[in-house]
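4 protein chains.
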Amino acid sequence: MNMPWDDIISEEDKRRYAAAGFGRQARLGTRPALLIIDVQYRTIGTTPAPFWESIKEFATSCGDVGWDAMGNIARLLEVFRENDWPVMYPYVAPKEQFDQGRLAEKNPALMKVASKGYEFPAEIAPQPGDVMLPKKHPSAFFGTPLTSYLIDKRVDTLVVTGCTTSGCVRGSVVDGFANNFSVLVPFDAVYDRSQTAHAVNLFDMASKYANVTDTSSAIDALKGVAGSRNV
Amino acid sequence: MNMPWDDIISEEDKRRYAAAGFGRQARLGTRPALLIIDVQYRTIGTTPAPFWESIKEFATSCGDVGWDAMGNIARLLEVFRENDWPVMYPYVAPKEQFDQGRLAEKNPALMKVASKGYEFPAEIAPQPGDVMLPKKHPSAFFGTPLTSYLIDKRVDTLVVTGCTTSGCVRGSVVDGFANNFSVLVPFDAVYDRSQTAHAVNLFDMASKYANVTDTSSAIDALKGVAGSRNV
Amino acid sequence: MNMPWDDIISEEDKRRYAAAGFGRQARLGTRPALLIIDVQYRTIGTTPAPFWESIKEFATSCGDVGWDAMGNIARLLEVFRENDWPVMYPYVAPKEQFDQGRLAEKNPALMKVASKGYEFPAEIAPQPGDVMLPKKHPSAFFGTPLTSYLIDKRVDTLVVTGCTTSGCVRGSVVDGFANNFSVLVPFDAVYDRSQTAHAVNLFDMASKYANVTDTSSAIDALKGVAGSRNV
Amino acid sequence: MNMPWDDIISEEDKRRYAAAGFGRQARLGTRPALLIIDVQYRTIGTTPAPFWESIKEFATSCGDVGWDAMGNIARLLEVFRENDWPVMYPYVAPKEQFDQGRLAEKNPALMKVASKGYEFPAEIAPQPGDVMLPKKHPSAFFGTPLTSYLIDKRVDTLVVTGCTTSGCVRGSVVDGFANNFSVLVPFDAVYDRSQTAHAVNLFDMASKYANVTDTSSAIDALKGVAGSRNV
Numbered sequence: 043m044n045m046p047w048d049d050i051i052s053e054e055d056k057r058r059y060a061a062a063g064f065g066r067q068a069r070l071g072t073r074p075a076l077l078i079i080d081v082q083y084r085t086i087g088t089t090p091a092p093f094w095e096s097i098k099e100f101a102t103s104c105g106d107v108g109w110d111a112m113g114n115i116a117r118l119l120e121v122f123r124e125n126d127w128p129v130m131y132p133y134v135a136p137k138e139q140f141d142q143g144r145l146a147e148k149n150p151a152l153m154k155v156a157s158k159g160y161e162f163p164a165e166i167a168p169q170p171g172d173v174m175l176p177k178k179h180p181s182a183f184f185g186t187p188l189t190s191y192l193i194d195k196r197v198d199t200l201v202v203t204g205c206t207t208s209g210c211v212r213g214s215v216v217d218g219f220a221n222n223f224s225v226l227v228p229f230d231a232v233y234d235r236s237q238t239a240h241a242v243n244l245f246d247m248a249s250k251y252a253n254v255t256d257t258s259s260a261i262d263a264l265k266g267v268a269g270s271r272n273v
Numbered sequence: 043m044n045m046p047w048d049d050i051i052s053e054e055d056k057r058r059y060a061a062a063g064f065g066r067q068a069r070l071g072t073r074p075a076l077l078i079i080d081v082q083y084r085t086i087g088t089t090p091a092p093f094w095e096s097i098k099e100f101a102t103s104c105g106d107v108g109w110d111a112m113g114n115i116a117r118l119l120e121v122f123r124e125n126d127w128p129v130m131y132p133y134v135a136p137k138e139q140f141d142q143g144r145l146a147e148k149n150p151a152l153m154k155v156a157s158k159g160y161e162f163p164a165e166i167a168p169q170p171g172d173v174m175l176p177k178k179h180p181s182a183f184f185g186t187p188l189t190s191y192l193i194d195k196r197v198d199t200l201v202v203t204g205c206t207t208s209g210c211v212r213g214s215v216v217d218g219f220a221n222n223f224s225v226l227v228p229f230d231a232v233y234d235r236s237q238t239a240h241a242v243n244l245f246d247m248a249s250k251y252a253n254v255t256d257t258s259s260a261i262d263a264l265k266g267v268a269g270s271r272n273v
Numbered sequence: 043m044n045m046p047w048d049d050i051i052s053e054e055d056k057r058r059y060a061a062a063g064f065g066r067q068a069r070l071g072t073r074p075a076l077l078i079i080d081v082q083y084r085t086i087g088t089t090p091a092p093f094w095e096s097i098k099e100f101a102t103s104c105g106d107v108g109w110d111a112m113g114n115i116a117r118l119l120e121v122f123r124e125n126d127w128p129v130m131y132p133y134v135a136p137k138e139q140f141d142q143g144r145l146a147e148k149n150p151a152l153m154k155v156a157s158k159g160y161e162f163p164a165e166i167a168p169q170p171g172d173v174m175l176p177k178k179h180p181s182a183f184f185g186t187p188l189t190s191y192l193i194d195k196r197v198d199t200l201v202v203t204g205c206t207t208s209g210c211v212r213g214s215v216v217d218g219f220a221n222n223f224s225v226l227v228p229f230d231a232v233y234d235r236s237q238t239a240h241a242v243n244l245f246d247m248a249s250k251y252a253n254v255t256d257t258s259s260a261i262d263a264l265k266g267v268a269g270s271r272n273v
Numbered sequence: 043m044n045m046p047w048d049d050i051i052s053e054e055d056k057r058r059y060a061a062a063g064f065g066r067q068a069r070l071g072t073r074p075a076l077l078i079i080d081v082q083y084r085t086i087g088t089t090p091a092p093f094w095e096s097i098k099e100f101a102t103s104c105g106d107v108g109w110d111a112m113g114n115i116a117r118l119l120e121v122f123r124e125n126d127w128p129v130m131y132p133y134v135a136p137k138e139q140f141d142q143g144r145l146a147e148k149n150p151a152l153m154k155v156a157s158k159g160y161e162f163p164a165e166i167a168p169q170p171g172d173v174m175l176p177k178k179h180p181s182a183f184f185g186t187p188l189t190s191y192l193i194d195k196r197v198d199t200l201v202v203t204g205c206t207t208s209g210c211v212r213g214s215v216v217d218g219f220a221n222n223f224s225v226l227v228p229f230d231a232v233y234d235r236s237q238t239a240h241a242v243n244l245f246d247m248a249s250k251y252a253n254v255t256d257t258s259s260a261i262d263a264l265k266g267v268a269g270s271r272n273v
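Chains as they are written, first to last, in my numbering: chain A, 43 to 273; chain B, 43 to 273; chain C, 43 to 273; chain D, 43 to 273.
Chain A extracted, bound-state conformation (with noise of 0.2 Å):
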């Protein structure tokens, strides 16, 4: 498989990275739950534009290649429904007047998106049942309960989604990682808007934290997993 990150990182790194062992593939666990990071229309826009087409509606979108992972979240999803697996939103809460701190300060336009921004398209819109999960900072663990969540409904295994690759996906899949969750990324169903930060936020993930693949390897793996139905 093709992986975003081979033009990128040089033969030289990936010679170290294995030389120092990484790398490995993590063994899947039985009970996977499909976190679905940040996907509103803040980092979307309401209908596929290119990039700077995009932001003139969200200064925060990703524009179209959030529109084309969307797609593939929404493969994963319906995986995830046919199966009653664990669905879990983690999303960025609209800000409110007590809302400053670092975050303000390193982009203050953050606090300024317009509340359309915050919904979700139909395409991945949450059902009832689903785990809703505002959040304030990066990771979805941070500040929040998903770890509860996730103890309670029995699950071993992430798989995560949504966006930015480098900001609160990265961030949760480490938390996850450390966590002791089995944790696999769809590099097609995670995007941003810097391709080189994508790439290499998802072979820092390959290389320590998870298992990374493209969607269609993904649901062969969630098929694999005792239990599932065959969908």
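Some clues are possibly wrong.
If several chains are the same, the list does not tell them apart, and a pair holds so long as it fits within one copy or across any two.
In silico BS3-like cross-links for lysine-lysine, where the CA-CA straight-line distance does not exceed 30 Å [stated by the list, open to error]: (1) LYS137 with LYS158; (2) LYS56 with LYS195; (3) LYS98 with LYS154; (4) LYS265 with LYS137; (5) LYS137 with LYS98; (6) LYS178 with LYS137; (7) LYS265 with LYS178.
It should be emphasised that the hints constitute simulated quantities derived from the structure, not laboratory data.
Please read all numbers here as calculations on a predicted model, not as lab measurements.
Once you've looked at the hints, dock chains B, C and D against the given chain A.
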């Protein structure tokens, strides 16, 4: 100032991040702490040597980029000692029989590092009163009481050094930011086995989570902190 | 000062705790925050009434002991407003379909409180700028970004009020102490449905985690904090 | 079964808790872990002795109530060993020069316990493969990677033992509950220096967070767990 990512992140990507509003400088506070992360022989070797030479001693070594960075950490350490500011050592705890989990799956070799590898080089050795934080996971905050020490010492600003840029440094910076500490990363006081991963992770951190500068500028900035003694 | 546990904890037990070294006073810091925990109609009813009357409206109500305590919380709130010190409202988030888990097993009735029960009484109502913290679990720190707000606002001291003394107050005080905040609990500004549980939990907190005093003394102590305005 | 709080919590208070809906039994899961908290010589002394005798050796000792409880912990330990279920030892880490903060203020004597006090009695001594968790704060979850070990080992149920009932046991039970683990507390396998604090904290836990029973019933319940071997 030339930045490590200047030749890796395209002008297009830089414009995209600027358009989204990222990359502002955070205000430093008045009470900094120095985090020296994982600067143990296992990440640099017992003597300076090129990468492929150094990993013969410890497969986890980054080689002489680590020794170069350690020189800059020592300069920062001197400033912190002069001002009696807190110095904290989050470090890789020697692996024990019960430490398995996802880490051992992704990199089995990490479980077999010789005990000498866990020692601290004399150049940055801890002194009595420094806070020692053995850790089992990437972020210095995960599964450690780091936050409690920072709150006890009224710290508001973290200067994050050590390794690897794309691993434990990155994870700690994201958590430090999420906790609302101001974060300063001197780019020549952190190190990694891949210069691409090093550079792109620094770009990510500079864009979203931290002020990134060279050590000399970091020291100048610290001298401007209220109450610092001239050094 | 008479303490709520005077008639419940024996002299023998008090001597035992003193022999073990417990019960010293912690130093208050210079930057307090007021936590008003779960003071919603669901814990006091919409009008003052005795316990057995009040639970006809909300099974979770503590009745008029809650109204008494709310009067003292209002006095503390006035001091915090005068000094522009941070006021934070960790509160029970309305239950959603996905909120099951151990809580619903231990007390299924908690899942069915009418929506009016989640509103705040006018006497202690939040104002714009106050920090609102919906929570799913007992401690105000668990699964919320409370620590991030406290660090952002340079808080070093928590004044903890609300209910129940033996539940969410107790859990929040233990976590506040573990985080190394100085903790002050005004015993007549916290409330519970059992006076025995109330008293013994206050004894536990006074012995190990917090300074416990009446509201008038708490206000005097806060007036001694550097920079407070006379009120 | 007679409960430790029968003579301390009034019938009125019991009726109040029942009216509020508290006190249901939680379902146990299928994968239990045993937590043995702070059972070190510092909490029981090196030989069984009455309280006032025992504290001459260690001011923090609970005396012979601890030895009685340890006998019951040993019975539980045997069941866990027979079934190869995980056994974990959250324990008080020896104090270091940098460990100050609120704990040292509330009880300065805690900083000066002789090193023998940190050792484990032979009756419940750890074996290779058990999870060791040095901790600095009351709850076994706070500032430790306990959750990561529990997730790695697919644990869904905690059996919490050790001391003190009103301190580290209570804190750990509240956090275990908040994390959505089923929690079982054998009341004669936990101990405290105050029988009143012991009893009322057990009442709190039985009402809100855990199943509380005697050790014999706890062992019977564990034998009913799917897959347990007869012992």
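Each hint tested on the structure:
1. LYS137 with LYS158: Both ways: LYS137 and LYS158 sit 13 Å apart in one copy and 25 Å across, limit 30 Å.
2. LYS56 with LYS195: Answer is neither: 37 Å inside a copy and 32 Å across each miss the 30 Å cutoff.
3. LYS98 with LYS154: within (14 Å within a copy, 44 Å between copies)
4. LYS265 with LYS137: Classified as neither: same-chain Cα gap 39 Å, cross-chain 33 Å, threshold 30 Å.
5. LYS137 with LYS98: Answer is within: at 20 Å inside a copy they meet the 30 Å cutoff, but 37 Å across does not.
6. LYS178 with LYS137: Answer is both; intra-copy 8 Å and inter-copy 20 Å each pass.
7. LYS265 with LYS178: neither (34 Å within a copy, 32 Å between copies)
Violated hints, listed in ascending order, are 2, 4 and 7; each of the other numbered hints is respected by the structure.
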